[in-house]
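If you want the building blocks of each chain, they are given just below.
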Amino acid sequence: MLNFSKINIFLIYIIFLFISFFSLLNFQNLKNPIINKKVNLGLDLQGGSYLLLEINSDPLVKEKIQSKVITLKKLLKSNNLDYSNFKINEKDLSFLVDDVEKFKLLFFSKKDNLLNPYIIKYNSFELDLDVVKEKNVRVSFSKYGLLTINNSALTQSIEIIRRRIDDVGTKEPTILQRGEKRILVELPGLKDPERIKDLLGKTAKLSFRLVSENDEFGADKLESETGEELSVSKRIIISGENLVDAQPSFNNQSNKPAVSFTLNRLGAQKFGRTTTDNVGKRLAIILDGKIISAPSINEPIPSGSGIISGNFSFQEATDLALLLRSGALPTPLLVVEERTVGPDLGEDSIKSGITSLMVGFILVILFMLYKYKIFGLIANTALVANLLMLVGILTILEATLTLPGIAGIILTVGMAVDANVLIFERIKEELKTEKSIIHAFDTGYTKAKITVLDANITTLIAAVILFAFGSGPVKGFAITLGIGIITTLFTAYFLARHLTSVVVLNTKNKEIKI
Amino acid sequence: MNNKFDFSSKFRTANIFSIFIFVLSIAFILFKGLNYGIDFKGGTLIELRSDNTDAASIRSILNNMSLGDVNVKKFGKEGDYLIKVEQKETNDNKIIPIIKKNLSDNLNTEINFRRVENVGPKVSSELLQSGIIAICLSLAAMLFYIWIRFEWQFSIGSIIALFHDVVITLGIFSVLSLEINLSIIAAVLTIVGYSMNDTVVIYDRIRENLNKYTRLSISEIANLSINDTLARTIITSVTTLLALLSIFILGGEILRGFSFAMILGVVIGTYSSMFVASPILKFFKVSYKTLEKEEEKIVP
Chain A
1 MLNFSKINIF LIYIIFLFIS FFSLLNFQNL KNPIINKKVN LGLDLQGGSY
51 LLLEINSDPL VKEKIQSKVI TLKKLLKSNN LDYSNFKINE KDLSFLVDDV
101 EKFKLLFFSK KDNLLNPYII KYNSFELDLD VVKEKNVRVS FSKYGLLTIN
151 NSALTQSIEI IRRRIDDVGT KEPTILQRGE KRILVELPGL KDPERIKDLL
201 GKTAKLSFRL VSENDEFGAD KLESETGEEL SVSKRIIISG ENLVDAQPSF
251 NNQSNKPAVS FTLNRLGAQK FGRTTTDNVG KRLAIILDGK IISAPSINEP
301 IPSGSGIISG NFSFQEATDL ALLLRSGALP TPLLVVEERT VGPDLGEDSI
351 KSGITSLMVG FILVILFMLY KYKIFGLIAN TALVANLLML VGILTILEAT
401 LTLPGIAGII LTVGMAVDAN VLIFERIKEE LKTEKSIIHA FDTGYTKAKI
451 TVLDANITTL IAAVILFAFG SGPVKGFAIT LGIGIITTLF TAYFLARHLT
501 SVVVLNTKNK EIKI
Chain B
1 MNNKFDFSSK FRTANIFSIF IFVLSIAFIL FKGLNYGIDF KGGTLIELRS
51 DNTDAASIRS ILNNMSLGDV NVKKFGKEGD YLIKVEQKET NDNKIIPIIK
101 KNLSDNLNTE INFRRVENVG PKVSSELLQS GIIAICLSLA AMLFYIWIRF
151 EWQFSIGSII ALFHDVVITL GIFSVLSLEI NLSIIAAVLT IVGYSMNDTV
201 VIYDRIRENL NKYTRLSISE IANLSINDTL ARTIITSVTT LLALLSIFIL
251 GGEILRGFSF AMILGVVIGT YSSMFVASPI LKFFKVSYKT LEKEEEKIVP
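Listed in order, the protein sequences are those of chains A and B. In case it helps, this note's numbering puts the first sequence at residues 1 to 514. In case it helps, this note's numbering puts the second sequence at residues 1 to 300.
These aren't lab readings, by the way, just hints derived from the structure by calculation. Just so it is clear, CB atoms sit at the ideal spot from N, CA and C, and this is done for glycine as well. One should not assume that every hint holds.
[Stated by the list, open to error] Below, simulated EDC-like cross-link-like pairs (lysine to aspartate or glutamate); rule was C-alpha separation at most 20 Å, straight line:
no.	chain 1	residue 1	chain 2	residue 2
1	B	K101	A	D198
2	B	K94	A	E194
3	B	K100	A	D82
4	A	K191	B	D80
5	B	K74	A	D344
6	B	K122	A	E54
7	A	K197	A	D167
8	B	K74	A	D348
9	A	K256	A	E225
10	A	K351	B	D80
11	A	K202	A	E241
12	B	K94	A	E54
13	B	K94	A	E316
[As the list claims (entries may be wrong)] Distance ranges between label pairs, derived from CB positions:
no.	chain 1	residue 1	chain 2	residue 2	range
14	B	N64	A	D198	21 to 27 Å
15	B	N52	A	K171	29 to 35 Å
16	A	E316	B	N71	32 to 38 Å
17	B	S125	A	V502	53 to 59 Å
18	B	S125	A	K37	35 to 41 Å
19	A	V132	B	E253	57 to 63 Å
20	B	K77	A	Y13	41 to 47 Å
21	B	N71	A	I362	45 to 51 Å
22	A	E347	B	K74	16 to 22 Å
Sequences and hints are given; from them, build the entire structure.
Encoded structure:
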């Protein structure tokens, strides 16, 4: 175990130098164009906001099932199927149909099925059909139909969240999907996430609808910002999808903040036609089910642009314009977890983390020197090398360092010497019975090898499980702990062993004490 | 042979002591319960710094808002306070700005909100669940690993020792009403790894000595092996504790619970490797024959 071939020695030091080189990259201030790698600081160290959002696809399911009604009725009528007792429920449609068998055939036809398309990806129809009683049937989304709705809502939400956050202009946001219903948003450096939360909390569904004078059939009663209740026609003239741009501006007459908008071609045509036909009537501008303003149409507006003036401050007008530009969220979002760390707490954490690392490191080094003298020096050299390599690997992986991560490094310092302690203690025992010093060292290393490996693998298992189940800062701890074990094994079994061999072989036949 | 200390004569006393503490810990965990933090219970946490205020005035402002169960305490340095507000039944995304505004308006002094956390009911129960799964899984993985590397008697012995460590650590947290949060789960898992590490070192030596001294009883072998590895056990515990104490004292308030759990775990884990994991082998009547039998099985 003490004999190293030249190539082995070369390899050991090359690997060590290569990996620890990367740890130095963290200390350069200039941006290095070739190797620009650094350990990222977690939100708990640099400050910032972590938001976990959840989509709720229930309203969307309701909307989608309602949108099936017309197609379904058409299908029934064109095939001379009599139906009655038609009910639109939260998640399904139920009705009585005379010829259930015939309906079933039509419902599950793979050819030109407008009502119930076949999803090739999942090998399933979009809708399911339950026969509750003889003629009583219920149409609802199949498991895969629901999945498709959910997934498209999720992807769309991520896209719109990204647009909204980019528009606010925070630096380097992270927006990721987490599981089936959740979206993770990390905003480094953000001190107060309230504005972002406000912006993400609104679906921003915009519609322009006429205010109906007489209570016509199918009008909605909606409350306006001024508290006035207006009945509004169900027919949507233009919606948020027709907007190409929206900007904060001022109302020329009142000099109050407003939002100016530009419509696309189709929207401009419809808007022009409606304003021409309805001069004198009032137009309600509705956002998320609330009337934000209901101006009277004074003259036709063919240009396809206009302004929304309501009762808002300039900040509100800016946010409204931003929301309209980014488009509507398909479903409402809920913040289910939120963690914000101020920048000064992050700084304090870095400081106390580094201080405790230094102190822990010095204490361990002094103790090892006291305990093992020259071999303590070897163990300490290995410990320094271990730290350099640990930080080096974190840099190569561009891992995120968190406060528990720093704790993991300190813990590695304490536990890393264990490998060398195991070996040294074993050699001590061998020295008691063995006459040849070199032989004693050799056997010591060989016999301790299995134990060192076993002992470290157990900790590695714990680290891997922690990595798989932990979240955020805790994951950072698992990463440093796990990598620390690997670098510990390397430094103890290659670096420290080589240094030991140098010491032992150069002090031949003299007394060696551990 | 190195038999400086007679550990085996203390096994019985130690075992009775361990069982007593173990049962007591379970009783505390069941009847007094664990003090879950917002990670697992849900709710809102605010850490603030302000020079001209005290916990009582913060508490009275919050009590006027009728938020339910509110807890205000000093946190670390002078002027730092930690506020915990109990979880409402549903997610309330508006609660944080309202609390912040109320405090700013009523305290008449500058407030620095250093940390704000809010965990909803669904997320907190998921976090608790995955924490429990992680601990169980790590115990199972250890059981399996030792079973492969040693014999089943060793595997059962080590798992009982681990169980002992985890339960007593949590028991002490229950007695002292210390908060259980995500970092405590991390600490418990690390304790599992550390204690296992300690146990493996002694087991390795027991296996070696079983083959070497076939005439000795398992108690004598265990005693011998503990003595053989004693220096290592102490040195490693000392270096690990030095590192942990440095985190505990200098690492700041956030890491205090974590490092305290780890310190407990290292002490309990070291003890259990010697006084729990080793005597159990006697109970399973482990001898050099146990090892031989296993070898026969492998060679057809």
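Right, here's what the structure says about each hint:
Our distance criterion of 20 Å between C-alpha atoms is met by B/K101 and A/D198, whose separation comes to about 16 Å. Annotation: proposed proximity of B/K94 to A/E194 holds, straight-line Cα distance about 9 Å (limit 20 Å). Between B/K100 and A/D82 the alpha-carbon distance is near 61 Å, which puts this suggested pair outside the 20 Å criterion. Taking the CA atoms of A/K191 and B/D80, the gap is about 18 Å. The hint holds against a cut of 20 Å.
Restraint check for B/K74 and A/D344: the C-alpha separation of about 18 Å stays at or below 20 Å, so the hint holds. Between the alpha carbons of B/K122 and A/E54 the distance comes to roughly 10 Å, so the proposed pair stays at or under 20 Å and holds. Restraint check for A/K197 and A/D167: satisfied, since their Cα atoms lie roughly 14 Å apart, inside the 20 Å limit. Annotation: proposed proximity of B/K74 to A/D348 holds, straight-line Cα distance about 17 Å (limit 20 Å).
With a C-alpha separation of about 16 Å, the suggested pairing of A/K256 with A/E225 holds against the 20 Å cut-off. A C-alpha spacing of about 17 Å is found between A/K351 and B/D80, which places the hinted pair at or below 20 Å, so the restraint holds. As the CA atoms of A/K202 and A/E241 are separated by approximately 16 Å, the hinted pair is consistent with the 20 Å bound. Among the hinted pairs, B/K94 with A/E54 is consistent with the structure: their alpha-carbon atoms are about 16 Å apart, no more than 20 Å.
Using a Cα cut-off of 20 Å, the hinted pair B/K94 and A/E316 holds, with the two alpha carbons roughly 17 Å apart. Checked against the hint of 21 to 27 Å, the pair B/N64 and A/D198 passes, with Cβ atoms roughly 25 Å apart. For the pair B/N52 and A/K171, the beta carbons lie near 34 Å from each other, so the given range of 29 to 35 Å is met. A beta carbon spacing of about 36 Å between A/E316 and B/N71 agrees with the range 32 to 38 Å that was offered as a hint.
Here the CB-CB span from B/S125 to A/V502 is close to 57 Å, well matched to the stated 53 to 59 Å. At about 39 Å, the CB distance of B/S125 to A/K37 agrees with the hint of 35 to 41 Å. Taking the beta carbon of each, A/V132 and B/E253 are about 60 Å apart, inside 57 to 63 Å as hinted. With their beta carbons about 46 Å apart, B/K77 and A/Y13 fall inside the hinted range of 41 to 47 Å.
Checked against the hint of 45 to 51 Å, the pair B/N71 and A/I362 fails, with Cβ atoms roughly 38 Å apart. One distance hint, 16 to 22 Å for the beta-carbon pair A/E347 and B/K74, holds here, with the actual separation near 21 Å.
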